[in-house]
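Chemist: Given only the sequences and the hints, what does the whole structure look like? Please build it.
Residue strings, one per chain:
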Amino acid sequence: MSAVTVFGSYAAAAVGLGLYGLIAAPQPLRKIIAFNLLGSGVFLLFGIVGRRGAAAGFGNDPVPQALVITGVVVAFSATALAIGLLLRLFQITGSTTLNSRAAASPRSDPSGN
Amino acid sequence: MLPQAPALVTTAGGFLLVLSIVVPVAGVLLEFALGERYVRPVASAVISVGLAIAAAVLVLLPRSDGHLVYLLGAWPPPLGVALRADGLSAVMLATTAVVICAVAIFAATDFRPQSVEARAPFAFWILLLAVWGALNTIFVAGDLFTLYVALELLTFAAVPMVSLDGRAETLRAALRYLLFALIGSVLYLMGTALLYGLYGTLDIVLLSHRVSAEPGALIAAALMTSGLLAKTALFPLHLWLPPAHAGAPAAASAILSGLIVKGSFFILLRLWFDVLPALPGFTAAQFLATLGAGAIFVGSIVALRQERLKLLVAYSTLAQIGYLFLLFPLALDASGRLQTGQALAGGLIQAISHATAKAAMFMAVGSIYAGLGHDRITGIRGAARALPLSVMTFALAGFALMGIQPGGASLAKELLLQETARTGQWWWAGVLQVGGMFTAAYVVLVLAHALSPPDQPVALAARPPRGNGLAALALALCSLFLGLLPWEPYLPIPYALESKLFGVEAFVKLLATVLGGVALAILLSPWSHPLAGTVARNDLKTVRSPFRRACLGFGSLVERGDHVLRQWPAAGICMLAVTLLLAASIFGAT
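Chains Y and A, in that order, give the protein sequences.
Residues 35 to 147 (the numbering used here) make up the first sequence, in order.
Residues 31 to 620 (the numbering used here) make up the second sequence, in order.
Treat the hints with caution; some may be incorrect.
[As the list claims (entries may be wrong)] Reference excerpt, derived from the structure (chain A facing chain Y, CB under 7 Å, subset only):
| hint | residue |
| --- | --- |
| 1 | Arg202 |
| 2 | Ile213 |
| 3 | Glu518 |
| 4 | Gly602 |
[To be verified] With beta-carbon atoms standing in for the labels, derived distance ranges:
| hint | chain 1 | residue 1 | chain 2 | residue 2 | range |
| --- | --- | --- | --- | --- | --- |
| 5 | Y | Ala58 | A | Pro556 | 33 to 39 Å |
| 6 | A | Ala580 | Y | Phe41 | 55 to 61 Å |
| 7 | Y | Ala58 | A | Glu589 | 22 to 28 Å |
| 8 | A | Ser94 | Y | Ala100 | 56 to 62 Å |
| 9 | Y | Ala46 | A | Phe577 | 50 to 56 Å |
Since the hints were derived computationally from the structure, they do not count as laboratory data.
Just so it is clear, CB atoms sit at the ideal spot from N, CA and C, and this is done for glycine as well.
Modeler: Now the structure itself:
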C-alpha cells in the first residue's frame with residue numbers, strides 16, 4: 035500500500051467521522067469539534083493532492099500547501115466565531131442547546147446540554 | 031461569458047476590480063481603527079466610492095470586449111491569481127452597490143452611533159462593508175479557491191448580522207446558520223481539492239478547457255453543488271433561513287435576504303456554466319429544478335400560514351430561491367449541455383429583481399414593525415392609513431416580485447417562458463406560472479389586511495423617520511423598472527422581447543396570476559382575513575366548505591413537514607441525500 039492510499043484512507047475516515055458528528059451530535063460544542071475533524075480530513079486530502087506534484091519531478095507541489103494554510107486560518111476563524119456565539123448564548127440562557135423548544139425552560143438542564 | 035482563452039494580460043480598467051475589493055475592506059479596517067464616532071462617515075464615504083466603482087465597471091465593460099481582467103502581480107494563471115469580470119459580474123456588482131446604498135440610508139437612523147448604548151451600530155456598519163467586500167470578491171474572483179475564501183468571508187460577515195440584537199433566540203439562529211454553512215463550505219472545499227488534484231489548476235477559464243466527464247470531476251461537481259445549495263438555502267436545506275432572516279434587525283434582514291443568498295447562487299452559476307460546461311448536466315439540471323419547484327411549493331404554502339409578517343417574508347425568500355433554480359434545465363441545449371444564453375440571463379435578472387424587491391420589502395416590514403410595535407399579520411388592519419409610505423413600499427415591492435410589467439420579475443419570467451417553449455419542457459412553464467400565483471397570494475394577503483379599515487384608530491408606537499421610508503421606496507421603484515434597463519451589453523437578451531412585456535397577452539397573464547393568487551390566499555391562509563369576507567360574503571358557507579378545510583389540512587401537513595425538515599438531523603440527512611442524488615444523476619448520464 036502506497037503512502038498516498040494510506041493517507042487518503044485517513045482523510046476519508048476523518049471526513050466521514052466529522053460529517054457524522056456534525057449531523058448527529060446534539061450539542062453545538064461537539065458539532066464545532068466535528069467540523070474541525072472534517073476540516074482536517076479535507077486538509078489531509080489537499081496534502082495528498084500535493085504529493086502528486088512529485089510525479090512531475092518536483093519534490094512537492096507548493097500550491098496545495100499554500101491552500102491548506104489559508105484553509106486552516108479560515109477554519110480557525112470559523113471555530114473562533116462559533117465558540118464566541120456559543121459562549122454568549124451560554125451567558126444569556128445558561129444552556130447551549132440549539133433547539134428553541136427545549137430552551138423554553140432555561141436553566142432546567144444544569145449540565146448544559 | 032468569460033473569455034475563451036486565459037488572458038495573459040491585464041485589460042485597461044482591470045484595476046477597478048481590485049478597487050472594488052480593496053475599498054470596502056479598507057473601509058472595514060478604517061472603521062475598526064477609528065472607532066465608533068467615525069463609523070458612519072467612513073461608511074458613507076466608502077459607499078459613495080463603491081457606487082462610483084460599480085458604475086465605472088458598467089461603463090468600461092462593453093468597451094473592452096465584454097470582460098475585464100486583472101492579473102495580481104502580473105503573474106498569469108495557473109501560477110498567478112486572476113480577477114475577471116464579465117457581464118454577469120458587472121450587473122451583480124452594480125446591484126450590490128445600489129442595495130447596500132439604500133440599506134445604508136435606511137439604517138442611518140436606526141444604527142446611529144451613541145443613540146444606543148449597545149455595540150450594535152458599530153458592528154452593523156463594519157459588517158455592512160465586510161459583506162460588500164466579500165460579495166464583490168465573489169463576483170470578480172477568477173479561481174475556485176478565491177471563491178472559497180470569499181464565500182467564507184461572506185458567511186463570517188453574515189452570521190453576526192443575524193444576532194446583532196444579542197437576544198438568545200437570534201444567537202441560536204446565528205449559530206445554527208454558521209454550523210450549517212460550515213458543512214456547505216467544507217463540501218465545496220473538498221470538491222476544490224479534487225479538481226486541483228485532477229487538473230492541477232483552480233483557474234476557472236483553464237479548468238473549463240480541461241474538465242472532462244470522469245469520476246473524480248463528477249464527484250467534485252456533486253460535492254461543490256450541494257455545499258453551495260446549503261449556503262443558498264435551497265429546499266430542503268433551508269433549516270437556518272427562516273429564523274435567521276426573520277430574527278435579524280430590518281436592515282440586516284434586507285442584506286441577508288436580498289444579497290447574501292445570491293453570493294453562493296452566483297458561485298453555483300459560475301461553477302455550472304463556466305467551470306463544468308463539459309459535464310453532461312441533463313439529469314442534474316432537472317434535479318436542481320425539482321428541488322426549486324419543491325421550494326416554491328413548500329415555501330409559499332408555509333409563508334401563507336405564518337402569523338408574523340417577518341416570517342412570511344422570510345419564507346417568501348425561500349420560495350423565490352427555488353424560482354432561481356428553474357433556470358438550470360431551461361439552459362440546456364439539444365446535447366444536454368448547459369449553455370450561457372437567454373435562460374441564464376432570465377435567472378440572473380430574477381436574482382437581481384429579488385435582491386432589490388426583497389430588500390425593500392424587509393425594510394418596509396421593519397418600518398411597519400417599528401410603527402405598530404408588532405408584526406402580527408392579523409393585527410395590521412389600518413396600517414395603510416397610519417403608515418402609508420411603508421405599506422406602499424411593501425405593495426410596490428410585492429408587485430415587482432409577482433411580475434407586474436415592467437418589473438424585473440416579469441422580464442425574467444418572459445425570458446424563462448420562451449426557453450420552456452424552445453426546449454419543449456412545458457412542465458417548468460407550469461411551475462413558473464404557479465410560482466407567480468403563489469407570490470401574488472402572499473402579497474395580496476398582506477395588502478388585504480393592511481388596507482382594510484381598523485376596528486379602532488391605530489396607535490403608533492413610534493413614527494419611523496421619513497428618510498427610512500424613502501430609501502426603501504426608491505429601492506422598490508428600482509425593482510419595478512428593471513425591465514426597462516438596457517441589459518443587452520451585459521446579458522444575452524433578444525431585442526424583440528420588450529414589446530412582449532406590454533400588450534393584451536401580457537395583461538391577461540398578469541390578471542390570471544393575480545386572480546390565482548387571490549384564490550390561493552383565500553384557500554390556504556388559516557387566519558381570519560378580509561379577503562374571504564369581501565369576496566364571498568354571500569356564500570360564507572362555500573368558503574368554509576369541505577374543500578377549503580381540505581386545503582387548510584393540506585397546508586398544516588406541509589407546515590409540519592417543513593418543521594421536521596428544519597430539525598438538525600433531518601436536514602443533515604437531506605444534505606447527504608442531495609449530494610448522493612446529484613452524484614448519481616451526473617453519473618447516470620455518462
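Chemist: Hint compliance check: list the failing hint numbers for this structure, sorted ascending.
Modeler: Of the numbered hints, 3, 8 do not hold.
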